[in-house]
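K.L.:
Here the structure of chain H is known, so what remains is to put chains L, X and G in place on it, guided by the hints.
4 protein chains.
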Amino acid sequence: MQKILIISTGGTFNKIYDPIAGDLIVEETSRAVREIASKWLSRFELISIIGKDSLAMTNQDRLELLSVVTQTEHEKIIIIHGTDTMHVTAEYLAEVEIEKKIILTGAMVPYSIDPVEATANLTSALGYMQLLSENGVYITMNGLFSSYDKILKDRSKGRFIRKK
Amino acid sequence: MQKILIISTGGTFNKIYDPIAGDLIVEETSRAVREIASKWLSRFELISIIGKDSLAMTNQDRLELLSVVTQTEHEKIIIIHGTDTMHVTAEYLAEVEIEKKIILTGAMVPYSIDPVEATANLTSALGYMQLLSENGVYITMNGLFSSYDKILKDRSKGRFIRKK
Amino acid sequence: MQKILIISTGGTFNKIYDPIAGDLIVEETSRAVREIASKWLSRFELISIIGKDSLAMTNQDRLELLSVVTQTEHEKIIIIHGTDTMHVTAEYLAEVEIEKKIILTGAMVPYSIDPVEATANLTSALGYMQLLSENGVYITMNGLFSSYDKILKDRSKGRFIRKK
Amino acid sequence: MQKILIISTGGTFNKIYDPIAGDLIVEETSRAVREIASKWLSRFELISIIGKDSLAMTNQDRLELLSVVTQTEHEKIIIIHGTDTMHVTAEYLAEVEIEKKIILTGAMVPYSIDPVEATANLTSALGYMQLLSENGVYITMNGLFSSYDKILKDRSKGRFIRKK
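For the record, the sequence lines run as chains H, L, X and G. Numbering of the first sequence is given in the UniProt record's numbering, commencing with residue 1 and proceeding in unit increments. Numbering of the second sequence is given in the UniProt record's numbering, commencing with residue 1 and proceeding in unit increments. Numbering of the third sequence is given in the UniProt record's numbering, commencing with residue 1 and proceeding in unit increments. Numbering of the fourth sequence is given in the UniProt record's numbering, commencing with residue 1 and proceeding in unit increments.
Just so you know, the hints here were simulated from the structure itself, not pulled from any lab data. Among the hints, a few may not be true.
As the list makes no split between identical chains, a pair holds if one copy fits it or if it spans any two.
Unchecked claim - Below, a list of computed lysine-lysine pairs in the DSBU-like style, where the Cα atoms sit at most 30 Å apart:
1. K164 to K3
2. K76 to K3
3. K76 to K52
4. K100 to K52
Next comes chain H alone, as it looks inside the complex (with noise of 0.2 Å):
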């Protein structure tokens, strides 16, 4: 089987509470991916890049992820990023044909506030990776499965649904 590699890029999933700032940051060395491995009793190859809320994301963040998309020897990659501009980093990656699996997930809630959704976003991405066959870009999210272009986020119910 083959290795996976998770490249996180910040976003919600990465937030932790700064009682100094009085405001929630971004982790920027994931921290939370590797508690999940750790109390998972499990080992990930992980990989921290950008560090940045998802509104923040600029193309040149976008082409630094492409980047250690394409270079690493990984054919199977999820990627940890903020749910506000997922789709836009989703679309960015499809339109090069990338000959790999590549997920995209996050978090509605930061894992350090409540870890369940963030460790269900990723653990389960991580399952529906096992047995992905087909190249393209995916989404996973609040129980969700799809390739990334039927899925987005209902930002008025805070959560993803399937395009209709």
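P.N.:
Chains L, X and G alone, transformed into the frame defined by chain H:
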């Protein structure tokens, strides 16, 4: 896509602390599963039966489980089970050669004490099940996904490993 | 023994994460205080007013607080308050020279993100109040118990310290 | 103000889940107390002895506790103790008529399972101790503060109540 049925039979996954007894007891209504569904903003079809610790499970209990598995219309079934006799129940179900896809999972740490491992086991099984095409009995624990007879619990390490 | 009244005015203590807004907001009904009471198997008399972040608190808000403090029959009052202007409100109340025992407390980390510090601040204030015999305005934070004018927030350290 | 010594003797307060044993065990180094200190941004003087469940505590253990209580220079001592025999140890210490202020506290729910009640019991005792002027043996649990002989555990309710 076919709907997945979760059958919760008890086990460490569902244990909660009872302050009156001063001990852990099996919570029989699978509150843990329902809380994961709620926090994941997802929905599960769930049946709770038996409600026992793995070591207390009898052949009568396994017969009850088999009966639910065969009588439901669902072809994709995830069974939450105690870890100590998960392989016994898996073998019991495998011998019947049911034309369904069955994944057993559970937890080394109760969801109510730390939700991460239990959530990861269940939701990774849900992700894995999405693309599972071959009938059979499987176990997914601690990031391992496999036919039931290739994984076993290493009691000294408190985790599941691949058989050698 | 006299009953203690808790007046919750908002602040970091009461902040929760709003997944739709993607930000922390003040939970105005003091769910945190009620959850502490429930888990502590205790009961609190509680009034929730203002519901604001410390920095947003106006003199109009302080007047409202003063009005509640003076009008209640309770002589022992704990006020949950944002930490940034806790000393301003404390001084405001002290100048009126109310013949009551008033303790201000709060939290550097929201109860909903990590309950330990918020719980410790509130319940240590409740313990301190039991034997407090001298009228006046006090602050208790991070294990310090003192007249309000001898303790202040050290913003760079994110905690309260004794004045030198 | 006099420094307070915390003597941790084990009990439910300090129990943690052991995934290998599949059961709760007493964590003997009082990690819970140190974590409360760290999150409260406070510091405790702490001695960990005995490390037993309340029901397993022998007269030999009580003698050890008494020895630590009498030999330390501290006059203000909080003892973390299992709840089932807290009154036995309290009475044992009271009979010696030590010229110190001693508060016994503990928890109905392990700190590691839900930190709120354990934190509240310990830190409310710390608040109460600040102004305690009369030597004697006290119990504080679930928001009650009193001489040890006026409070007792109601086992059917799983909480402490005032004696009638």
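K.L.:
All hints, please: hold or fail.
P.N.:
Now the hints, each set against the structure:
1. K164 to K3: between (34 Å within a copy, 19 Å between copies)
2. K76 to K3: Both. Shortest intra-copy (7 Å) and inter-copy (26 Å) distances satisfy the 30 Å Cα cut-off.
3. K76 to K52: Only inside one copy: K76 and K52 sit 23 Å apart there, 38 Å across copies, limit 30 Å.
4. K100 to K52: Classified as within; 24 Å inside a copy, 44 Å across copies.
The structure meets every hint from the earlier list without exception.
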